[in-house]
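There are 2 protein chains.
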Amino acid sequence: MSVTAAKGFQAAGIAAGIKDNGTADLALVVNTGPRRAAAGVFTSNRVKAAPVQWSEQVLKDGTLSAVVLNSGGANACTGPKGFQDTHATAEKVAEVLGVGAIDVAVCSTGLIGVLLPMDKVLKGVETAAAALSEHGGEKAAIAIKTTDTVHKTSVVTRDGWTVGGMAKGAGMLAPGLATMLVVLTTDADLDSGTLDKALRAATKVTFDRVDSDGCMSTNDTVLLLASGASGITPGHDEFAEAVRAVCDDLGQQLIRDAEGASKDIKVEVVGAASEADAVEVGRSIARNNLLKCAIHGEDPNWGRVLSAIGTTNAVFEPDRLNVAINGVWVCKNGSVGEDREKVDMRYREVHIVADLAAGSETATIWTNDLTADYVHENSAYSS
Amino acid sequence: MSVTAAKGFQAAGIAAGIKDNGTADLALVVNTGPRRAAAGVFTSNRVKAAPVQWSEQVLKDGTLSAVVLNSGGANACTGPKGFQDTHATAEKVAEVLGVGAIDVAVCSTGLIGVLLPMDKVLKGVETAAAALSEHGGEKAAIAIKTTDTVHKTSVVTRDGWTVGGMAKGAGMLAPGLATMLVVLTTDADLDSGTLDKALRAATKVTFDRVDSDGCMSTNDTVLLLASGASGITPGHDEFAEAVRAVCDDLGQQLIRDAEGASKDIKVEVVGAASEADAVEVGRSIARNNLLKCAIHGEDPNWGRVLSAIGTTNAVFEPDRLNVAINGVWVCKNGSVGEDREKVDMRYREVHIVADLAAGSETATIWTNDLTADYVHENSAYSS
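Same order as they appear, the protein sequences are chains W and V.
The first sequence begins at 1 in our numbering and counts up by one.
The second sequence begins at 1 in our numbering and counts up by one.
What the hints contain is simulated information worked out from the structure, not anything from laboratory work.
Honestly, I wouldn't trust all of these hints.
The list makes no distinction among identical chains, and a pair is therefore deemed to hold if it is satisfied within one copy or across any two copies.
In silico lysine to any residue, SDA-like type, Cα no more than 25 Å apart, as pairs [claimed, not checked]: (1) LYS120 with ARG340; (2) LYS81 with ALA201; (3) LYS7 with SER262; (4) LYS263 with MET118; (5) LYS263 with ASP373; (6) LYS81 with ALA357; (7) LYS263 with GLY297; (8) LYS332 with PRO80; (9) LYS19 with THR63; (10) LYS120 with SER335; (11) LYS263 with HIS376; (12) LYS7 with GLY337; (13) LYS263 with ALA372; (14) LYS332 with PHE83; (15) LYS197 with GLY160; (16) LYS120 with ARG35; (17) LYS120 with SER360; (18) LYS204 with THR312; (19) LYS266 with ALA358; (20) LYS123 with VAL315; (21) LYS263 with GLU241; (22) LYS263 with ALA273; (23) LYS342 with VAL114; (24) LYS197 with GLU317; (25) LYS60 with ASP319; (26) LYS332 with HIS87; (27) LYS263 with GLU377; (28) LYS120 with ASP339; (29) LYS7 with VAL315.
Work out the full structure: start from the sequences and follow the hints.
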């Protein structure tokens, strides 16, 4: 159901020929109203793709009528021509839908540094517009896949209103502010300021805490569109919770499909003096290649957790640190704890708890192991 | 020749039985004087191994008579017992050499979180002391290897005096201040203040700019011992240059032997507004797993260089960035440059130049590719 689960939305996903292999590569999501409120968060990478620059601009008035997304090319580092191409794509969508181009967001994903085949993109927009449907959400989710092995959708329905969404992303997963390509829709009747607040609060504790490989994309975009078609205006907290639930679910789906991964790792930092400390420590652990290799080898090598913690500026005393892996406290007071032989690592889920013993704040970062398959997939990506 | 190339030093490397496989695992380096000046730099990881804590203490007076090093166990995260073991090792060395324990530095390397077999270590110290020789430098260099495939030594001889050294390190290579285990010796007649200044200046532009896998060790130690046996006191600059040359050579040897690597990558950042900017950008590029995989696949995927630069706080404008890979400017003004097909990546050496077009400062960081062999080696390290 994805982006068409909420009332007031149509979507389509088609093969425009951008990808050589003929699979779906262009998606269109249209808000049919009555309201056309929107909010978005974008990559904090200073090298921003043309579609990110465009979409940030057109979102400034808090209004979007449509989002066009393509896989098969990121349109990043493509100079003035790349920006012209994004603009032309938005104009084409505006033309076929009868809306203004400044109400059309554009998202692209794929290889950096390559111009898009614009004849195919523009023709694809026409094809997608003709295929728009209130049941098109799933096809749209499929059309934005790159190295994703599965498409990712999520829906939460509350009392008469719904939040749904789709996401793509399997590599270059380490958001600075937002991440990947995500489009969320709701039929709740809310203004763009409320959407923005709920979206920022949700991404901060969901997508922002997914860190597959420490590599931040140039194209990360998360959009939230509200049609108001339910006629219901939920309370702020209730709405924010629903958005967070959908973001959390999509974030989990991204990690589960991370390139080459064989283990999903939940890094839970507890006992931190501040939430910022907990996030810094969690990210440091999640980005430690040696630990990620050890987890791949089902080796509860907690020394690599401690050496990662030691590189941070968080408040802690080395001789008070505790680490549990899958429930076994293998490190106590910075030294040897329970027998590491007790740790059962046969399953895909791995849970690391790092206790800083310096306070009561916590944070959880999601990552995955580092595998030969990741190396293989990313050594052959553009060739 | 290694640590015994300079006059006034003896060394030994023996198999003490710390490693199960019976290979050499304990080294002893002794300064026979007349002078016993010394300096050292240590890991900036806040989780410091017991031998690092000990050696930092005993170096405070700028004097060392001997260094004892073991592979087969890092003695890190081993609590009070680990520190007692380091102390006992220094006491044993002091006893057999007839010197004070506070003039004995201790270095350990291997798995974190495991206590050393102290009966074997103490017996090994006796065996090593009996084997001390003015020709023992190479055996000492061999005894400190862990996953190193080759031992690393370097010697620079100037007008009547010499600087020599040995190093170990093949993984967890990303120093904060110092790195790995390195012992340098000289027969120049200099005080510890001069040694310290020369050593810090050298490590800052050599070991500190080696970044194999972004993972900082708990045991990094670089020591410089001066015997004064040449009777010559070289000028500061001349001496500092010799120390830098030996450190640079050893750093290169470390990168060439990095775990699983098939490519040595020189990341040269030019046109930076400050040296700090150049180092930050170089490190960001060198730590980008996706780029390291692409280089492994001989794919000049410059988009990954730009996305890494974009995560830094350095001064630059995205549309002025230029990137060359092996001499081909594949990215010009933040966009598509010369044809990437022109890039020849068949050889082990890969040279990336990132031009920030924001000033005239430069820095070079050395790293290597990310390979399935790295994953394999590090998924099975402690098991």
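Hint by hint, here is what the structure shows:
1. LYS120 with ARG340: Only across copies: LYS120 and ARG340 sit 24 Å apart there, 56 Å inside one copy, limit 25 Å.
2. LYS81 with ALA201: neither (35 Å within a copy, 46 Å between copies)
3. LYS7 with SER262: neither (38 Å within a copy, 54 Å between copies)
4. LYS263 with MET118: neither (39 Å within a copy, 37 Å between copies)
5. LYS263 with ASP373: both (12 Å within a copy, 19 Å between copies)
6. LYS81 with ALA357: This pair counts as between: shortest inter-copy Cα distance 21 Å, intra-copy 54 Å.
7. LYS263 with GLY297: both (10 Å within a copy, 24 Å between copies)
8. LYS332 with PRO80: Cα proximity of LYS332 and PRO80: across copies only (13 Å, versus 56 Å in one copy).
9. LYS19 with THR63: Neither. Shortest intra-copy (30 Å) and inter-copy (67 Å) distances fail the 25 Å Cα cut-off.
10. LYS120 with SER335: between (60 Å within a copy, 22 Å between copies)
11. LYS263 with HIS376: both (17 Å within a copy, 15 Å between copies)
12. LYS7 with GLY337: Answer is neither: 54 Å inside a copy and 46 Å across each miss the 25 Å cutoff.
13. LYS263 with ALA372: both (13 Å within a copy, 16 Å between copies)
14. LYS332 with PHE83: between (54 Å within a copy, 16 Å between copies)
15. LYS197 with GLY160: within (21 Å within a copy, 71 Å between copies)
16. LYS120 with ARG35: neither (31 Å within a copy, 77 Å between copies)
17. LYS120 with SER360: neither (55 Å within a copy, 43 Å between copies)
18. LYS204 with THR312: both (20 Å within a copy, 20 Å between copies)
19. LYS266 with ALA358: within (21 Å within a copy, 40 Å between copies)
20. LYS123 with VAL315: Neither: 56 Å inside a chain and 40 Å across chains, both beyond 25 Å.
21. LYS263 with GLU241: neither (28 Å within a copy, 48 Å between copies)
22. LYS263 with ALA273: neither (29 Å within a copy, 42 Å between copies)
23. LYS342 with VAL114: between (50 Å within a copy, 16 Å between copies)
24. LYS197 with GLU317: neither (37 Å within a copy, 30 Å between copies)
25. LYS60 with ASP319: Classified as between; 23 Å across copies, 50 Å inside a copy.
26. LYS332 with HIS87: between (57 Å within a copy, 22 Å between copies)
27. LYS263 with GLU377: The answer is both: 16 Å in one copy and 18 Å across copies each meet 25 Å.
28. LYS120 with ASP339: between (60 Å within a copy, 23 Å between copies)
29. LYS7 with VAL315: Neither way: LYS7 and VAL315 sit 48 Å apart in one copy and 46 Å across, limit 25 Å.
Consistency note: the structure conflicts with the earlier hints numbered 2, 3, 4, 9, 12, 16, 17, 20, 21, 22, 24 and 29.
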